[in-house]
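Assemble the whole structure, with the sequences as input and the hints as a guide.
Residue numbers (numbering that gives the first Met the number 0), protein chains in the order written: chain X, 0 to 364; chain B, 0 to 364; chain C, 0 to 364; chain A, 0 to 364.
Please note that the accuracy of each hint is not assured.
No distinction is drawn between identical chains; accordingly, a pair holds when it is met within one copy or between any pair of copies.
What the hints assert, rightly or not - Cut-off 27 Å, straight-line C-alpha distance, at most; resulting in silico cross-link-like pairs (BS3-like, lysine-lysine):
{"no.": "1", "residue 1": "LYS363", "residue 2": "LYS208"}
{"no.": "2", "residue 1": "LYS185", "residue 2": "LYS173"}
{"no.": "3", "residue 1": "LYS63", "residue 2": "LYS85"}
{"no.": "4", "residue 1": "LYS85", "residue 2": "LYS61"}
{"no.": "5", "residue 1": "LYS192", "residue 2": "LYS319"}
{"no.": "6", "residue 1": "LYS364", "residue 2": "LYS142"}
{"no.": "7", "residue 1": "LYS63", "residue 2": "LYS271"}
{"no.": "8", "residue 1": "LYS208", "residue 2": "LYS42"}
{"no.": "9", "residue 1": "LYS302", "residue 2": "LYS185"}
{"no.": "10", "residue 1": "LYS162", "residue 2": "LYS208"}
{"no.": "11", "residue 1": "LYS363", "residue 2": "LYS142"}
{"no.": "12", "residue 1": "LYS302", "residue 2": "LYS248"}
Derived from the structure by calculation, the hints contain no laboratory data.
Number of protein chains: 4
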Amino acid sequence: MSGSVIGNRFKIMTWGESHGAALGVTIDGCPAGLLLSSEDIQKYLDLRRPGQSKMTTQRSEKDKVEILSGVFEGMTTGTPISLMIKNEDQHSKDYSNIADKMRPGHADYGFTEKYGFRDYRGGGRSSGRETIARVAAGAVAIKILEGLGISIVSYTSAIGPVKASSFDEEDIMKNPLFMADLNAAKEAEAFVKNCVEKGDSVGGIIETKVFGMPPGIGEPVFGKLDASLAQAMLSIGAVKGFEIGDGFKAAEALGSENNDEFMSENGHVIKKTNHSGGVLGGMSDGSDIFFKVAIKPTPSISKEQNTVNDKGENVSLVIKGRHDPVIVPRAVIVVKSMCALILLDALMENMTSRISYLEDFYGKK
Amino acid sequence: MSGSVIGNRFKIMTWGESHGAALGVTIDGCPAGLLLSSEDIQKYLDLRRPGQSKMTTQRSEKDKVEILSGVFEGMTTGTPISLMIKNEDQHSKDYSNIADKMRPGHADYGFTEKYGFRDYRGGGRSSGRETIARVAAGAVAIKILEGLGISIVSYTSAIGPVKASSFDEEDIMKNPLFMADLNAAKEAEAFVKNCVEKGDSVGGIIETKVFGMPPGIGEPVFGKLDASLAQAMLSIGAVKGFEIGDGFKAAEALGSENNDEFMSENGHVIKKTNHSGGVLGGMSDGSDIFFKVAIKPTPSISKEQNTVNDKGENVSLVIKGRHDPVIVPRAVIVVKSMCALILLDALMENMTSRISYLEDFYGKK
Amino acid sequence: MSGSVIGNRFKIMTWGESHGAALGVTIDGCPAGLLLSSEDIQKYLDLRRPGQSKMTTQRSEKDKVEILSGVFEGMTTGTPISLMIKNEDQHSKDYSNIADKMRPGHADYGFTEKYGFRDYRGGGRSSGRETIARVAAGAVAIKILEGLGISIVSYTSAIGPVKASSFDEEDIMKNPLFMADLNAAKEAEAFVKNCVEKGDSVGGIIETKVFGMPPGIGEPVFGKLDASLAQAMLSIGAVKGFEIGDGFKAAEALGSENNDEFMSENGHVIKKTNHSGGVLGGMSDGSDIFFKVAIKPTPSISKEQNTVNDKGENVSLVIKGRHDPVIVPRAVIVVKSMCALILLDALMENMTSRISYLEDFYGKK
Amino acid sequence: MSGSVIGNRFKIMTWGESHGAALGVTIDGCPAGLLLSSEDIQKYLDLRRPGQSKMTTQRSEKDKVEILSGVFEGMTTGTPISLMIKNEDQHSKDYSNIADKMRPGHADYGFTEKYGFRDYRGGGRSSGRETIARVAAGAVAIKILEGLGISIVSYTSAIGPVKASSFDEEDIMKNPLFMADLNAAKEAEAFVKNCVEKGDSVGGIIETKVFGMPPGIGEPVFGKLDASLAQAMLSIGAVKGFEIGDGFKAAEALGSENNDEFMSENGHVIKKTNHSGGVLGGMSDGSDIFFKVAIKPTPSISKEQNTVNDKGENVSLVIKGRHDPVIVPRAVIVVKSMCALILLDALMENMTSRISYLEDFYGKK
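Okay, structure coming up:
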């Protein structure tokens with residue numbers, strides 16, 4: 000897909016800029032009959048909001064979602080679902096001194112080269128705020144997946160050089176960094192605090208596990224499930240890497256070490272190991288899906304930087320205002336949302352894979 | 000995109016299985032007026048052929064491409080270009096003993112779960128041989144890009160644990176592993192030879208550099224250039240990871256270390272560093288594009304493995320016949336081809352970004 | 000395209016139901032740098048509003064459009080443009096007595112069969128009101144086309160059996176039926192008045208002329224310009240036919256009568272006649288484009304009708320409330336809008352037809 | 000869709016020119032498990048071949064289809080199906096005297112304007128011969144539809160001014176014009192013979208009936224079933240009009256005359272009348288689908304014509320060689336094929352309309 004559309008069956012188009020009137024998304028192809036309320040969506044948007052801890056920005060964003068169409072008497076009708084979140088607290092004056100400067104690490108330069116000019120307020124369309132629309136759409140997909148017994152767990156596994164060394168799903172919601180290792184979380188919080196004092200920023204790694212995916216989902220060769228996940232993850236701002244299963248480590252292994260042997264257990268086919276990360280040949284293989292996403296440090300730092308302005312002149316730049324020292328925690332729900340959109344779309348596409356499916360559905364004559 | 004189609008403006012549909020009559024691709028949307036001959040394509044297919052060295056399979060594959068449509072008097076007409084490569088030397092009897100067994104590390108299980116049955120000969124559609132169609136289409140894209148001053152250099156940077164420590168572009172074609180470091184290549188060749196003796200296999204890493212991309216190319220938010228590259232790379236069989244610029248290392252850096260400052264030099268805007276890998280905010284930023292792809296070891300090994308058969312019974316499996324101990328060298332041209340397809344598509348999509356472009360093209364009234 | 004998305008380069012997704020909170024559209028791929036204000040759009044929405052004359056419904060609909068994204072300092076930014084029109088005066092109680100009945104001539108039955116249930120208020124997504132989103136998007140396309148010297152004139156050429164016999168463009172806006180023949184308009188107004196008294200309804204024909212299209216626009220074979228126009232027109236509710244140029248009359252002509260000969264005049268190639276209606280071989284041929292759209296009579300009539308209800312039981316039905324006796328006048332701007340969307344999309348797609356275009360744009364190396 | 004691709008789930012890409020090496024089509028998304036042989040396809044290609052009667056061209060075209068991929072042991076595998084038909088008897092010398100002339104009524108001018116030059120042999124990509132690829136793909140769709148109890152009957156209802164006045168399905172295959180009225184067929188054959196003597200050509204009308212379509216199929220608003228059919232039909236060369244149900248006649252009727260009342264009969268919901276032609280609100284309504292397609296007279300006539308050449312100079316033109324005086328009979332199978340492709344695609348898309356469908360398929364948790 001190109002531009003602001005992603006998905007084939009469960010297709011979404013997002014819109015909105017950091018300092019525009021609102022942001023939102025329209026979902027086309029959502030099946031009818033799903034119970035859906037704004038609460039189903041709001042709870043995930045709240046996970047994205049800054050100000051939930053000292054770790055993230057102190058900007059106040061209420062982010063209330065409104066369902067404008069596609070739902071009647073509490074159920075999706077099968078018609079397009081339009082979700083909107085109005086912008087409220089976006090101080091335009093924060094950005095006036097940098098309106099004509101290309102912030103290093105940001106999309107300012109690219110947007111200007113592409114379009115000839117840009118909405119300089121807070122990054123405009125390139126602001127991390129656009130992800131709110133993805134999370135809104137992802138919330139609907141998550142609900143459908145849960146009804147099918149599929150769950151997604153995303154969490155921070157590293158903040159800068161601080162890496163988690165254990166995993167307890169219950170810990171994820173117990174710290175503002177959403178790490179599944181409370182000890183690492185403490186260490187990471189201290190590291191971030193230090194960044195703030197130095198006027199700097201840090202990145203990290205988000206891991207995701209998916210439970211309950213049936214095998215055979217994915218559309219080879221270009222619609223492979225891992226390929227679609229990779230696109231979805233790299234489309235999130237600040238993401239610089241994606242790996243599934245053993246990922247880059249697999250490049251160093253031998254075939255005898257990396258192959259996951261199949262075996263029969265209680266009439267079910269399972270895999271003895273899971274080096275593949277749950278996707279083999281581009282389709283889910285019945286094991287839990289496991290992938291990692293690498294996020295670079297937030298580009299907006301307080302330290303003085305050198306850059307150029309709209310005229311191509313060398314200038315100095317100091318970014319004032321309130322910025323996240325680390326965006327990884329806010330991106331956790333975005334990763335989960337994008338994952339849900341991709342998985343649901345693939346599950347829907349798979350439903351026409353066999354003639355027998357059509358015959359069962361319409362009746363064989 | 001889904002299934003066997005990729006691209007928006009320069010759109011391709013590939014087809015063909017390892018042991019079918021032929022493989023091929025149709026290109027829709029190739030601009031008219033490009034000088035194109037089968038030699039332009041054949042030279043890249045030849046880089047894919049096994050038997051070029053002891054490093055890869057001894058199967059003999061002539062792989063001659065035929066241009067069946069879309070070219071008239073040596074020039075593309077703007078109509079669909081159909082390219083076909085007939086299959087010749089594919090010994091069906093190689094695979095008879097495993098027809099009903101799910102080979103570990105392969106797509107057999109996924110295909111069977113998805114479609115109910117599969118073409119068991121050599122992996123059918125999931126065979127690495129399907130990449131020949133990608134390389135054929137990529138060759139056309141590469142030629143167009145070269146006419147625009149854009150070149151792509153892909154090479155092996157690691158085979159298993161053996162990593163290159165220097166880079167000389169001239170070395171790439173001087174060793175059968177396509178490494179840009181002849182010393183590392185020697186060491187790697189020995190490592191691979193050892194794998195063959197043990198009946199095992201190994202993976203590696205392929206790096207790619209792109210020179211000459213103008214800035215501003217890519218279609219945020221879901222058609223971001225790095226997102227599209229990630230999808231394209233993960234769609235290649237055996238790929239388990241993708242990173243751009245500093246990739247996963249960026250996750251450990253500070254903002255002040257990772258940001259690339261802009262500066263003006265001779266009237267041009269350039270970046271002092273290139274931690275971004277040439278893509279920022281999802282669009283090319285004027286620097287060379289740089290990304291890495293991780294490839295797992297070839298699943299087909301001679302060692303005995305445990306698995307299940309079509310009936311879900313536990314069985315033992317020994318894969319006979321001729322198989323690559325390492326597929327990384329063959330994948331180098333595939334990576335370059337996919338890269339070319341993505342870049343060209345994005346360059347074409349960018350041509351309607353501004354009203355002024357339409358006015359220049361059609362005339363402002 | 001499927002569902003609620005149409006277009007390849009200038010892509011739109013519409014949403015909204017007759018009695019939901021609002022309706023709207025998001026435009027993806029609109030070039031940057033277009034001066035755009037809500038007035039540019041509002042003027043076309045006002046052409047759609049009922050109550051402008053006795054000919055159409057007395058419902059009061061203010062239909063004020065809001066631009067929620069994609070425009071900064073009065074210019075399109077190249078990012079998605081979200082347009083919204085809130086619903087205000089939609090009396091839900093008008094429809095309570097028919098909530099469970101399948102209105103003849105309407106989509107109620109289809110929606111129920113497809114989705115299992117439906118938003119019964121005013122037709123929900125199938126209401127003619129969804130066209131307000133199309134007109135909003137079409138307004139943007141119309142503005143771009145006008146900047147390229149392309150204009151579209153749509154008008155009513157027949158209301159029921161009353162057919163126009165002359166054409167004066169100035170007359171179109173001088174009568175509430177938008178006919179280009181004031182005499183026929185008078186006769187048609189009387190006919191419609193008579194329908195109202197009988198509690199019945201009538202249909203008609205809308206013609207469209209396009210001036211200024213350059214030749215060669217359209218993407219054979221499936222993206223032919225006339226094929227795309229046909230899809231766009233038949234997608235409008237109540238449309239039952241489309242013909243271009245001589246249309247169905249061409250089926251009765253001889254080749255020597257139907258062929259348009261080319262000739263050179265003042266250094267320009269023109270056609271002596273225009274039986275083709277401006278599209279030949281699926282591409283514009285330099286002549287004015289001319290096509291007709293047939294619209295069936297409004298299904299909602301006051302007369303008693305027989306039908307079934309949700310349970311499949313035979314019931315009687317009387318549709319109360321305020322309904323248009325003829326929707327043709329309201330559809331004129333919808334036809335023009337859909338035409339604009341299709342033409343603009345094709346003009347944008349055409350910009351990559353030749354290698355020389357890419358070379359001119361990026362520089363030949 | 001654009002270019003040479005059509006379909007969303009059952010997606011095809013066609014290729015090939017009149018005088019190229021071959022023509023063909025690749026089908027992506029065909030469900031696995033369908034018994035498919037080249038005979039299933041060949042029988043429909045044979046209906047397209049000229050020389051079957053004095054009515055059509057005396058050119059000899061064998062048109063043997065080859066299945067190159069996607070079928071294993073007689074069944075579709077779910078992977079792309081590539082079908083190819085080699086060109087054999089295409090006399091290039093027939094066209095040399097007109098290589099630089101724009102034939103009236105043909106796409107020559109459009110192609111030259113679009114691409115800068117064209118394959119002048121026999122119309123190249125714009126030749127009616129490209130439809131052979133559509134028929135090949137359509138054959139697969141027809142087979143699947145028949146397995147679901149859906150059948151399509153297409154036939155000629157008029158040749159020039161000669162109109163059929165009765166309908167007997169058995170008569171269709173009993174005359175070379177494929178009319179369902181043998182008396183009209185005789186009269187039409189005489190008319191065509193007269194055209195040949197005068198060196199002229201004639202057009203006609205093709206009607207289509209579809210039996211067995213379940214209700215609710217179609218994807219409002221832009222993927223409406225009738226909109227998709229209209230696009231498909233207008234994409235066929237020489238088609239200038241499409242109407243469904245009462246079509247243009249509906250524009251003259253009253254609502255009380257045009258509405259189809261629903262009624263319950265034997266526990267089934269049916270419609271008393273079928274003015275809608277089987278599609279209501281863009282979705283099938285349970286009645287037989289009925290539509291008409293208008294075809295202009297063949298542009299290639301022997302009479303001398305005036306035109307321009309590549310340089311824009313006025314020239315005279317006489318088209319030599321063997322040309323169809325009427326292409327309507329050959330287009331009948333093309334209409335049926337395109338109809339099959341559209342219906343099947345819509346049936347497949349409909350399978351994800353409700354949450355309950357997903358729950359039935361994957362299991363509700």
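Against the structure, the hints:
With identical chains, the CA atoms of LYS363 and LYS208 are at most 27 Å apart between copies only, with a shortest distance of 21 Å across copies and 39 Å within one. With identical chains, the CA atoms of LYS185 and LYS173 are at most 27 Å apart within one copy only, with a shortest distance of 11 Å there and 51 Å across copies. Within a single copy, LYS63 and LYS85 get their C-alpha atoms as close as 7 Å, and across copies as close as 18 Å, so both meet the 27 Å cut-off. Within a single copy, LYS85 and LYS61 get their C-alpha atoms as close as 9 Å, and across copies as close as 22 Å, so both meet the 27 Å cut-off.
Only within a single protomer do LYS192 and LYS319 lie at most 27 Å apart by alpha-carbon distance; the minimum there is 18 Å, versus 58 Å between protomers. In this homomeric assembly, LYS364 and LYS142 come within 27 Å of each other (Cα to Cα) only across copies, at 12 Å, whereas the closest approach inside a single copy is 36 Å. Taking the shortest alpha-carbon separations for LYS63 and LYS271, neither the intra-copy value of 45 Å nor the inter-copy value of 42 Å comes in at or below 27 Å. In this homomeric assembly, LYS208 and LYS42 come within 27 Å of each other (Cα to Cα) only inside a single copy, at 20 Å, whereas the closest approach across copies is 43 Å.
Proximity of LYS302 and LYS185 under a CA criterion of 27 Å is satisfied intra-copy only: 25 Å inside one chain copy versus 46 Å between copies. Taking the closest pair of Cα atoms, LYS162 and LYS208 come within 27 Å of each other only inside a single copy of the chain (17 Å); across copies the shortest separation is 30 Å, beyond that limit. In the homo-oligomer, the alpha carbons of LYS363 and LYS142 lie at most 27 Å apart only across protomers (12 Å), although the nearest pairing inside one protomer, at 33 Å, exceeds that limit. In this homomeric assembly, LYS302 and LYS248 come within 27 Å of each other (Cα to Cα) only across copies, at 21 Å, whereas the closest approach inside a single copy is 35 Å.
Hint violations for this structure: number 7 only, all remaining hints satisfied.
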